[in-house]
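Student: If you want the building blocks of each chain, they are given just below.
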Amino acid sequence: MSFFIETLVGGLLAGVMYSLVAIGFVLVFKASGVFNFAQGSMVLCAALTFVTMRDKGIDFWLAAPITLTVMVLIAIAVERVVLRPLVNRPQITLFMATLGVSFVIEGLAQIVMGASVHELDLGIVDTPIEIGGVQVSQFDLVAAGTAGILVVALSIFFNKTRVGIALRAIADDPQAALSIGIRLQTLWQIVWGVAGFVSLVAGLLWGARQGVQFALTLVVLKALPVLIIGGFTSITGAIVGGLIVGAGDSLAEIYLGSLLGGSVSTWFAYVLAVAFLLIRPAGLFGEAPIERI
Amino acid sequence: MSLWKQKRIVSKAVGLAALALSAAVGTSVSAEEAKTQYFPLATFRVGAYASSGIPVWAGEIDYFRYINEVEGGINGIKLVWDECETNWEVEKGVECYERVKAGKNGSPVPIFLPHGDPISKALTEKSVADKIPLVTIAYGRTEAIDGRVFPYSFPVVFSFWSEASSAVNFIAEKVGGKDKLKGLKIATVYHDSPYGKETQVPLAHLAKTYGFEDIQIPVPHPGNEQSAQWAKIRQLKPDWVFLRGWGVMTPVAIKTAAKVGFPVDHIIGGIWSGSEEDVRPAGAVGKGYLAITPFPAGANFEIHQKLKKYILDKGLSDLKDPKSFGSVYYNSGVDEAIVAVEAIRTAQAHFGVRPINGEEAQWGLEHLDLSEKRLAEIGATGLQQPLKLSAKDHEGGGAGKVLQWDGEKWNVVSNGWVKSDRDLLLPLIYERAAAYAREKGITPRDATN
Amino acid sequence: MSTVGTETIEGFSSSREIAQSARDRLRAGSVVVLLAALTAIPLVANDYWLNAVLIPFLIMSLTALGLNLLMGYAGQASLGSGGFMSVGAYATYNLLLRLPELPLPVSLLLGGVISGLVGVIAGLPSLRIKGFYLVASTLATQFLLEWLFNQYGWFSNYSTSSSISAPRLAFLGHDLSSPTGRYLLTLATVVVVTATAVRLVRSQTGRTWMAIRDMDTAASVIGVPVSAGKLKAFFVSSLVIGIAGALWAFAYLGTVDARSFNLDRSFQVMFAIIIGGMGSISGNFLGAAFMIFLPILLDHLGSGVFGGAIDPGQLENFQKALFGALIVWFLIKEPRGLAALLSRAWTQLVSRINR
Chain A
1 MSFFIETLVG
11 GLLAGVMYSL
21 VAIGFVLVFK
31 ASGVFNFAQG
41 SMVLCAALTF
51 VTMRDKGIDF
61 WLAAPITLTV
71 MVLIAIAVER
81 VVLRPLVNRP
91 QITLFMATLG
101 VSFVIEGLAQ
111 IVMGASVHEL
121 DLGIVDTPIE
131 IGGVQVSQFD
141 LVAAGTAGIL
151 VVALSIFFNK
161 TRVGIALRAI
171 ADDPQAALSI
181 GIRLQTLWQI
191 VWGVAGFVSL
201 VAGLLWGARQ
211 GVQFALTLVV
221 LKALPVLIIG
231 GFTSITGAIV
241 GGLIVGAGDS
251 LAEIYLGSLL
261 GGSVSTWFAY
271 VLAVAFLLIR
281 PAGLFGEAPI
291 ERI
Chain B
1 MSLWKQKRIV
11 SKAVGLAALA
21 LSAAVGTSVS
31 AEEAKTQYFP
41 LATFRVGAYA
51 SSGIPVWAGE
61 IDYFRYINEV
71 EGGINGIKLV
81 WDECETNWEV
91 EKGVECYERV
101 KAGKNGSPVP
111 IFLPHGDPIS
121 KALTEKSVAD
131 KIPLVTIAYG
141 RTEAIDGRVF
151 PYSFPVVFSF
161 WSEASSAVNF
171 IAEKVGGKDK
181 LKGLKIATVY
191 HDSPYGKETQ
201 VPLAHLAKTY
211 GFEDIQIPVP
221 HPGNEQSAQW
231 AKIRQLKPDW
241 VFLRGWGVMT
251 PVAIKTAAKV
261 GFPVDHIIGG
271 IWSGSEEDVR
281 PAGAVGKGYL
291 AITPFPAGAN
301 FEIHQKLKKY
311 ILDKGLSDLK
321 DPKSFGSVYY
331 NSGVDEAIVA
341 VEAIRTAQAH
351 FGVRPINGEE
361 AQWGLEHLDL
371 SEKRLAEIGA
381 TGLQQPLKLS
391 AKDHEGGGAG
401 KVLQWDGEKW
411 NVVSNGWVKS
421 DRDLLLPLIY
431 ERAAAYAREK
441 GITPRDATN
Chain C
1 MSTVGTETIE
11 GFSSSREIAQ
21 SARDRLRAGS
31 VVVLLAALTA
41 IPLVANDYWL
51 NAVLIPFLIM
61 SLTALGLNLL
71 MGYAGQASLG
81 SGGFMSVGAY
91 ATYNLLLRLP
101 ELPLPVSLLL
111 GGVISGLVGV
121 IAGLPSLRIK
131 GFYLVASTLA
141 TQFLLEWLFN
151 QYGWFSNYST
161 SSSISAPRLA
171 FLGHDLSSPT
181 GRYLLTLATV
191 VVVTATAVRL
201 VRSQTGRTWM
211 AIRDMDTAAS
221 VIGVPVSAGK
231 LKAFFVSSLV
241 IGIAGALWAF
251 AYLGTVDARS
261 FNLDRSFQVM
271 FAIIIGGMGS
281 ISGNFLGAAF
291 MIFLPILLDH
301 LGSGVFGGAI
311 DPGQLENFQK
321 ALFGALIVWF
331 LIKEPRGLAA
341 LLSRAWTQLV
351 SRINR
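Read top to bottom, the protein sequences are chains A, B and C. For the first sequence, the UniProt record's numbering gives the first residue as 1, with consecutive numbering after it. For the second sequence, the UniProt record's numbering gives the first residue as 1, with consecutive numbering after it. For the third sequence, the UniProt record's numbering gives the first residue as 1, with consecutive numbering after it.
These are computed hints drawn from the structure, not numbers from a lab. Do not take every clue at face value.
[To be verified] Here are the simulated EDC-like pairs of lysine to aspartate or glutamate, each with C-alpha atoms no more than 20 Å apart in a straight line:
(1) B:K287 with A:E130
(2) B:K323 with C:E101
(3) B:K308 with B:D318
(4) A:K56 with B:D369
(5) B:K309 with B:E377
(6) B:K388 with B:E408
(7) A:K56 with B:D446
(8) B:K320 with C:D47
(9) B:K392 with B:E408
(10) B:K409 with A:E6
(11) B:K440 with C:D214
(12) B:K323 with A:E6
(13) B:K287 with A:D126
(14) B:K237 with A:D55
(15) B:K320 with A:D121
(16) B:K131 with C:D311
(17) B:K104 with C:D47
(18) B:K323 with A:E130
(19) B:K409 with A:E119
(20) B:K185 with B:E213
(21) A:K56 with A:D121
(22) B:K237 with A:D121
(23) B:K131 with B:D446
(24) B:K409 with A:E130
(25) B:K320 with A:D55
(26) B:K287 with A:E6
(27) B:K174 with B:E125
(28) B:K314 with C:E101
(29) B:K440 with C:E101
(30) B:K388 with B:D369
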């Protein structure tokens with residue numbers, strides 16, 4: 001039983017890491033209706049920028065805001081140069097365009113900062129601790145705490161500030177929002193900037209977990225089922241989806257994997273996501289679009 | 001519908017590409033160049049594995065430059081090379097192979113190094129048709145050791161089967177003899193890919209022979225999340241873990257092992273989990289980690305002193321990060337270059353001093369004899385194991401050294417080269433090669449000549 | 001709500017039918033000329049052109065055609081193309097291996113049919129899920145299939161590396177393993193499948209698909225068999241992609257494992273049809289040319305112009321960034337793809353000649 005609980009807890013904590021990446025997707029999707037595949041390369045770019053500066057001896061508290069500035073600039077550039085001209089195109093075209101953007105970001109980031117693997121030490125201890133007989137990773141607990149703070153901060157931002165309220169107005173009814181003088185493009189840029197910030201946080205935590213290297217871009221593949229389950233438009237959904245995917249993957253790998261021969265977590269989350277879709281086609285927390293003929 | 005347009009775009013593209021080709025090849029054919037040996041390099045400087053590859057090409061290119069600058073070429077035949085980017089993808093690897101296989105400016109291709117397990121497999125048959133030997137050091141198809149069935153594939157030095165067997169023998173060394181292996185639990189945590197599965201058969205066989213328990217735990221690609229696998233390890237409590245990763249999987253494994261409290265000095269990394277690029281990102285918890293490799297790290301070998309004096313200090317090195325000089329991957333590049341150069345040298349001794357083609361290099365490889373004496377002349381004693389190839393044995397060595405990471409660098413902790421049980425495994429390998437020959441309708445060569 | 005491309009197909013509108021027939025004759029003529037030229041290519045092209053450029057280009061065109069039938073005509077977007085290619089490849093391999101008496105074309109077709117049936121199963125969620133969520137659900141198929149062929153040795157006849165390699169390719173006593181043989185096999189397959197697909201999209205089936213694409217809720221209200229139409233589209237599309245996958249494995253690479261058909265391949269096919277033009281047959285060829293030729297061209301240009309002068313790693317990364325930028329640029333500049341671009345150029349040319 002304690003093995004089951006340990007696997008479950010390990011999975012849930014891993015799930016939080018997926019949620020961190022998924023939140024970036026949700027923000028962009030809410031504002032511009034794009035599934036931004038380049039989020040993975042933004043995570044890489046953030047971590048790489050940060051770690052390159054740290055390796056050069058720049059202080060954490062200086063490196064972080066500089067990286068943030070870089071990320072916000074990239075995010076705004078992508079929004080202006082790529083997405084604005086593509087407005088009103090089919091969703092799949094937008095999606096594929098962001099895939100093209102990811103080639104550009106990855107290529108340029110590696111031209112500037114090289115392709116080597118870096119260690120990223122955030123100074124978080126990573127020895128396991130026992131809580132009620134269950135072994136838990138301290139690092140993962142810190143990551144979960146960070147995700148929690150991020151979610152609270154984002155919900156305050158979206159529910160209490162003028163920008164947040166305007167954004168919700170746009171998501172609800174773009175025409176009406178525009179007619180009362182909300183400036184769409186400024187808002188887009190703000191949201192993309194916040195997404196850049198989220199990718200910095202995700203990049204640092206993932207980078208500390210596995211080293212800063214190209215494989216960071218692959219975290220998007222796990223963020224996708226998280227989004228399908230949670231819904232593309234809900235931050236709460238991203239968290240809940242992440243927990244479901246993380247726990248599901250871990251338990252499936254152990255219990256289903258022993259039946260089927262392992263590595264089931266490559267597809268389990270996606271199959272789970274399809275199952276969720278068949279029951280709730282817009283995700284757990286997503287809003288179903290209304291069809292008019 | 002408008003296939004016409006397709007024709008237009010095709011002809012346009014053909015024209016453009018032809019233009020590009022002529023620009024690429026157009027560096028005039030001089031009389032001097034016909035006396036050089038062309039040696040194409042398939043590289044991957046882009047993509048998920050670039051960090052592992054970059055030091056390898058540096059080692060290779062530095063050794064080639066050394067041969068050219070200091071020794072005046074191989075018996076006076078200088079090496080020329082160019083690179084082709086494969087992204088470590090099969091399709092691009094095949095494109096590179098096709099691009100270079102005809103040679104350059106009249107100089108033939110002696111040997112092709114595919115640099116990638118899937119690429120080497122895709123080229124197995126093409127290389128036979130084109131008569132260009134593929135040299136895959138420490139990767140590639142294990143059955144290709146049987147050169148009677150695979151005349152042009154050379155998994156030289158250390159196949160995956162030897163890797164597994166040497167790892168087991170190192171454990172025996174640690175526990176005090178092969179008879180003490182009985183009852184031990186050895187878990188193999190592997191990258192779930194054809195490469196990762198290569199060691200399942202030999203390990204099952206060795207487990208039966210020595211009586212240890214063989215546990216296999218797959219990690220799905222890319223391996224950036226392994227909490228389930230290591231929870232299982234915590235539950236099964238193996239005595240040793242044999243880690244066969246690739247790319248990001250290795251540092252994540254080391255970190256996750258620390259999270260579940262598995263002792264890192266009881267994890268033995270495989271060939272592709274045993275470089276600085278693999279342990280460094282794991283940080284402090286990687287201290288004590290072991291790895292078995294045919295490419296011992298270190299910059300104190302004699303050849304390194306020559307390389308430093310004539311190449312690095314003169315600013316001719318391909319290395320961007322001088323820290324990597326003498327790293328596992330750098331040394332693997334030097335190793336590969338030594339084998340290639342010596343095979344060409346052997347072929348020259350037989351066919352005459354001139355640029356060697358693939359068929360001749362194949363002969364050179366099958367008659368390659370890197371004795372202790374020859375290794376000492378090169379300055380590679382301790383870096384490269386003695387190696388003698390034949391038509392029946394395209395591997396030749398089959399031993400590895402075990403390194404331990406001290407937080408800064410690798411140190412050799414095994415008792416010299418740890419030999420694999422080749423006598424035990426070769427019959428199995430020949431059996432599999434024969435099965436392959438039957439499936440493909442190949443008549444094995446006569447190995448006596 | 002349709003989320004996929006909604007441009008009308010050339011010649012679909014009845015008012016243009018007369019002009020269309022004249023254009024058709026002209027086109028038929030150029031198709032014949034083109035086919036003759038393509039058949040004659042092995043006489044002049046070397047191994048490199050056949051093995052590394054033309055064969056993958058033709059197969060990618062065929063794969064794009066398969067996806068275009070589903071996405072461009074029936075409006076069902078899918079990122080499972082790589083998976084269906086692997087089904088075709090592994091099914092054909094097993095047919096060739098276990099039923100060696102079957103002639104090669106029959107094995108290829110049967111491999112395609114098996115892939116088509118898998119496609120029908122994978123298409124079931126489309127009856128309930130729409131748009132981008134459907135794309136996400138096809139990813140389940142993609143990952144599941146990749147895992148399946150890697151996991152179970154039976155599919156690869158228990159080879160040590162789960163990879164499959166072509167048994168001897170022969171038809172009517174001719175050995176097709178030479179580059180020319182493999183090229184002609186690919187060309188013949190592409191011609192036959194493309195011709196069949198052209199007939200299909202002009203038939204009742206094609207009109208049903210377009211009705212579903214343009215407004216599936218409305219189509220079902222007026223009695224178009226939406227569910228059957230969608231599943232049929234999945235079947236035909238996966239069949240074509242499956243045949244392409246078998247060719248990719250045996251006519252192009254020789255030996256492959258499931259990773260050759262990973263998500264990146266699915267992305268490549270999707271790019272090919274979006275850049276080439278959704279709902280256009282010629283667009284498949286143009287898009288495939290873009291995806292296959294352009295990186296090779298950039299590489300040749302790069303090493304030819306800058307080789308030696310610039311660090312190779314920088315150069316490669318630059319090419320990658322440039323390729324990405326070109327993709328984005330095309331998506332922005334030409335919403336209807338290269339097919340529409342060339343169609344406009346063609347119309348201008350014809351009108352100039354007529355004057």
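Student: Now tell me, hint by hint, if it's right for this structure.
Tutor: Do the hints match the structure? See the list:
1. As the CA atoms of K287 of chain B and E130 of chain A are separated by approximately 23 Å, the hinted pair breaks the 20 Å bound.
2. For the proposed pair K323 of chain B and E101 of chain C, the alpha carbon gap of about 60 Å is over 20 Å, so the pair is violated.
3. Proximity of K308 of chain B to D318 of chain B is assessed by CA-CA distance (about 12 Å); at most 20 Å being required, the pair is judged to hold.
4. Proposed proximity of K56 of chain A and D369 of chain B is contradicted: the alpha carbons are some 47 Å apart, above 20 Å.
5. Distance hint between K309 of chain B and E377 of chain B is fulfilled; the C-alpha atoms sit about 17 Å from each other, no more than 20 Å.
6. Distance hint between K388 of chain B and E408 of chain B is unfulfilled; the C-alpha atoms sit about 34 Å from each other, more than 20 Å.
7. A hinted pair counts as satisfied when its Cα atoms are at most 20 Å apart, and K56 of chain A with D446 of chain B does not qualify at roughly 60 Å.
8. At roughly 36 Å between alpha-carbon atoms, K320 of chain B and D47 of chain C are farther apart than 20 Å, so this suggested pair is violated.
9. Taking the CA atoms of K392 of chain B and E408 of chain B, the gap is about 41 Å. The hint is violated against a cut of 20 Å.
10. With a C-alpha separation of about 34 Å, the suggested pair K409 of chain B and E6 of chain A falls outside the 20 Å cut-off, and the hint is violated.
11. Restraint check for K440 of chain B and D214 of chain C: not satisfied, since their Cα atoms lie roughly 50 Å apart, outside the 20 Å limit.
12. Using a Cα cut-off of 20 Å, the hinted pair K323 of chain B and E6 of chain A is violated, with the two alpha carbons roughly 40 Å apart.
13. Restraint check for K287 of chain B and D126 of chain A: satisfied, since their Cα atoms lie roughly 14 Å apart, inside the 20 Å limit.
14. About 38 Å separates the Cα atoms of K237 of chain B and D55 of chain A, which puts this hinted pair outside 20 Å; it is violated.
15. For the proposed pair K320 of chain B and D121 of chain A, the alpha carbon gap of about 23 Å is over 20 Å, so the pair is violated.
16. Restraint check for K131 of chain B and D311 of chain C: the C-alpha separation of about 32 Å exceeds 20 Å, so the hint is violated.
17. For the hint pairing K104 of chain B with D47 of chain C, the CA-to-CA distance comes to about 15 Å; that is within 20 Å, so the pair holds.
18. Of the supplied pair hints, the one linking K323 of chain B and E130 of chain A is violated, its CA atoms being roughly 39 Å apart against a limit of 20 Å.
19. Restraint check for K409 of chain B and E119 of chain A: satisfied, since their Cα atoms lie roughly 15 Å apart, inside the 20 Å limit.
20. Between K185 of chain B and E213 of chain B the CA atoms are separated by roughly 5 Å; this keeps the pair inside 20 Å, and the hint holds.
21. As the CA atoms of K56 of chain A and D121 of chain A are separated by approximately 14 Å, the hinted pair is consistent with the 20 Å bound.
22. With a C-alpha separation of about 29 Å, the suggested pairing of K237 of chain B with D121 of chain A is violated against the 20 Å cut-off.
23. A distance of roughly 17 Å separates the Cα atoms of K131 of chain B and D446 of chain B; the hinted pair therefore holds under the 20 Å criterion.
24. Restraint check for K409 of chain B and E130 of chain A: not satisfied, since their Cα atoms lie roughly 32 Å apart, outside the 20 Å limit.
25. Under the criterion of a C-alpha separation no larger than 20 Å, the hint pairing K320 of chain B with D55 of chain A is consistent with the structure, at around 16 Å.
26. Distance hint between K287 of chain B and E6 of chain A is unfulfilled; the C-alpha atoms sit about 26 Å from each other, more than 20 Å.
27. Between K174 of chain B and E125 of chain B, the direct Cα distance comes to roughly 42 Å. Violation of the 20 Å bound is thereby established for this hinted pair.
28. For the hint pairing K314 of chain B with E101 of chain C, the CA-to-CA distance comes to about 65 Å; that exceeds 20 Å, so the pair is violated.
29. As the CA atoms of K440 of chain B and E101 of chain C are separated by approximately 16 Å, the hinted pair is consistent with the 20 Å bound.
30. The hinted pair formed by K388 of chain B and D369 of chain B meets the criterion: a straight-line CA distance of about 4 Å does not exceed 20 Å.
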